[in-house]
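Taken in sequence, the protein lines are chains A and B.
Those letters in the first sequence? Residues 0 to 317, by numbering that gives the first Met the number 0.
Those letters in the second sequence? Residues 0 to 295, by numbering that gives the first Met the number 0.
Where hints are given, some of them may not hold.
[Stated by the list, open to error] Derived coverage of chain B by chain A (criterion: at least 3 residues anywhere in the stretch with Cβ under 8 Å from a Cβ of chain A; other residues may be distant): (1) 3-11; (2) 89-95; (3) 238-252.
[As the list claims (entries may be wrong)] Derived lysine to any residue pairs resembling SDA-like cross-links, with alpha carbons at most 25 Å apart: (4) Lys7/B <-> Leu222/A; (5) Lys219/A <-> Gln1/B; (6) Lys293/B <-> Val140/A; (7) Lys219/A <-> Ala138/A; (8) Lys40/A <-> Thr193/B; (9) Lys40/A <-> Arg195/B; (10) Lys43/A <-> Ser53/B; (11) Lys136/A <-> Phe25/B; (12) Lys196/B <-> Thr49/A; (13) Lys219/A <-> Ile5/B; (14) Lys219/A <-> Ala11/B; (15) Lys40/A <-> Lys201/B; (16) Lys7/B <-> Thr217/A; (17) Lys2/B <-> Thr207/A; (18) Lys311/A <-> Glu42/B; (19) Lys43/A <-> Asp178/B; (20) Lys311/A <-> Leu163/B; (21) Lys7/B <-> Leu137/A; (22) Lys219/A <-> Gly12/B; (23) Lys311/A <-> Arg190/A; (24) Lys75/A <-> Val127/B; (25) Lys132/A <-> Gln1/B; (26) Lys293/B <-> Glu194/A; (27) Lys201/B <-> Thr49/A; (28) Lys40/A <-> Lys2/B; (29) Lys40/A <-> Gln177/B; (30) Lys9/B <-> Arg214/A; (31) Lys43/A <-> Val199/B; (32) Lys7/B <-> Asp205/A; (33) Lys196/B <-> Leu50/A; (34) Lys311/A <-> Val199/B; (35) Lys7/B <-> Thr49/A.
Everything labelled a hint here was simulated from the structure, so no lab data went into it.
Think of the CB as a built atom: it goes at the ideal place given N, C-alpha and C, for glycine as much as any other residue.
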Amino acid sequence: MKKTFPKQPRRGNTHEVQLTPHKRSAVWGDHSKPKARCGAKRIKEALAQTLMWLSMAVVVGMVVSVIWTIFSHGWKAMSWEMVSSLPGGGFYIGKEGGFLNAIMGSVYIVGGSTVLGLLISVPVVFYLNIYLKPGSKLAYVARMAFDVLFGVPSIVYGAFAFTIMIFFGLRTSLLGGIIVITLLIIPIFIRTMDEATREFPRDILDATYSLGATRWETLKVVLRQIAPGIATATLLSVGRAIGDAAAVMFTAGYTDSIPTSLSQPAATLPLAVFFQLSSPIPEVQDRAYAAALVLTVIVLLLSITGRLISNKFSKNKV
Amino acid sequence: MQKSRIIKDKTAGATMLTLTILSIVFVVVMFVGLYLKSVPVLEGKSMWSLLSSSEWKPLKGEFGFLPFIAGTLWVTFIAILLALPVSLFTAFYLTEYARPAVRRFVFPALDILAALPSVVYGIWGTLVIVPLISDKVAPHFVEYSSGYTVLAAGIVLGVMILPLLVSLFIEVFGMVPQDLREASLALGATRWQTTRKVVVRKTLPGILASTVLAVSRAMGETIAVLMVCGCVMAIPKSPLDSGYPIPALIANNYGEMLSMPLYESALMFAALILFIVVFIFNLLSRIILYRMEKTS
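Just chain A, same shape as in the assembly (with noise of 0.2 Å):
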């Protein structure tokens, strides 16, 4: 640090001034330094902020670009009958039918694995954060494992759920697609709980132990101080799993009908959108964007929302 100091530029430096008077910059005015520095370090700023700005008009311009896109072309063949009735006959020729039977498949795994999710995720974050010490190895170590969990790719998700489910003898099913999603959201659901968690304030918890409650009984009041970070963390895994493909591709599978039962393989929507691209027939893909759209429409309100709720959240943040 020493070495640069005195090359930095410094405001009022008299020793400088006086030894380069005709430096002086009517520009910056008396309390200048030698002009040719001053000047390059605000124009270093100012192409800094220019390319703070590019990125940030990338940023935006990227987002306006994918939904102007899927709206543009889901809007043409999006029709009553896409989203309120199954495959016909002729589905994948181009003639009538929808594609209910992947809005509605993808319903029940999400429904199934968010329920699932919450069921598990929900008691390892309170174990995390108020059984355990803070501080405490396992703690760490399980935090860690979510972390490298959330980062496995859905694909090795549904390709290690596939060789189990041959493993046992099951076929591709509802049951598997529920599964193997929550499975995939499991590290999602605890990561983000766990960060609402820990801003937990411990003075509530003394409080309940003061008044001789167990570590058990302060999941009621755990629970509603956490309650926002649980909506957020649904909401997030919602997204994620309607959107997934890859996991669901092996373990669900496709079909033209609503599965009555968990046995029966469920079509799912990116699926729907993935196998109708690949026809050749424009009609069909049409019918792709228009799922695609459906499926954009979800995904924009669970963000939006998720948005308001962590605004509220912080607004009435202690």
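Given chain A, put chain B in place with the hints provided.
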């Protein structure tokens, strides 16, 4: 009465402990499961010959993963190359300059980018990026390109990992104490000088760890890449060649693999490679990030 409450407390604790431990064990089970499945293909050939050969003939029992590894590396490299500067500068602005109005605009945009499903990005890639490359970019360099190239996959992937990178960077930059910034500003440094010489210097390990995390995320992305990469089994020589990354290989062949045990084994080996790389990358970068969080 008192006793039953304590028992309840203990049972609940034990149940939750089991759930927690099961989740940790799950990581191990996943590794073991994938490994056991890939044993048959590993018995036939050495690990090295599998990874370095580019012969892929499932019917003859030849499984060379080099084209797929090369495809994954190309796509990931392009994605990071494009996403890193954009996300760094976005994060700089959001943490160091921070005008609330801008934040209100950019954060929801990042939210949406993070939430959009892979298949939507795939459609966007085929409708926007692929024609752009085949009509506008490729003619300057090569005679013909379908547009379904590793460049297209890299661009789509780059956009997909943007929100992850920005949120990681914002978290990392937030660990720098405000005092340090103020000290630098008080010495007459501009905001940019402060950002470069204080914030970046202080968080360099964190920036690196975040990038590694994003790399591991990019490597596993399947459907979007599958839709735009072209899926040609050859080592890409330039960004304008088609590629065939590992996740696309697994997704494309899951139906056929059942007919041949060795084929299935080879695909599970591909999944195992992905798992191991992602595991190591995640572990290393998380350890770095945890350490930083502790010291700050």
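* **Hinted pair Lys7/B and Asp205/A, Cα distance within 25 Å** => Measuring from Cα to Cα gives roughly 20 Å; hence the hint holds.
* 25 Å limit on alpha-carbon distance, applied to hinted pair Lys293/B and Glu194/A -> Roughly 15 Å between the alpha carbons, so the hint for Lys293/B and Glu194/A holds.
* **Restraint status (C-alpha distance of Lys136/A to Phe25/B at most 25 Å)** => Between Lys136/A and Phe25/B the Cα gap is close to 18 Å, so the pair holds against 25 Å.
* 8 Å C-beta test of the segment 238-252 of chain B against chain A, three or more residues -> holds (count 3)
* Within a Cα-Cα threshold of 25 Å, do Lys40/A and Lys201/B meet the stated pairing? -> It holds: about 21 Å lies between the C-alpha atoms, which stays within 25 Å.
* **Given hint Val199/B paired with Lys311/A - CA-CA distance at most 25 Å** => violated, 32 Å
* Hey, Lys2/B versus Thr207/A, does the alpha-carbon distance stay inside 25 Å? -> Holds: Lys2/B and Thr207/A sit about 18 Å apart, inside 25 Å.
* Asked: Taken at face value, is the distance from the CA of Glu42/B to the CA of Lys311/A at most 25 Å?
  -> violated, 58 Å
* Asked: Taking only the CA atoms, is the gap from Lys311/A to Arg190/A under or equal to 25 Å?
  -> holds, 20 Å
* To do: With a cut-off of 25 Å on the C-alpha distance, tell me whether Lys219/A and Ile5/B pass.
  => This hinted pair holds, its Cα atoms lying about 16 Å apart.
* When you check the alpha-carbon spacing of Lys9/B and Arg214/A, does it fall within 25 Å? -> This hinted pair holds, its Cα atoms lying about 9 Å apart.
* To do: Starting from Lys43/A, check that the Cα of Val199/B is at most 25 Å away, please.
  => Holds: Lys43/A and Val199/B sit about 16 Å apart, inside 25 Å.
Of the numbered hints given earlier, the model fails hints 10, 18, 28, 34, 35; all others are met.
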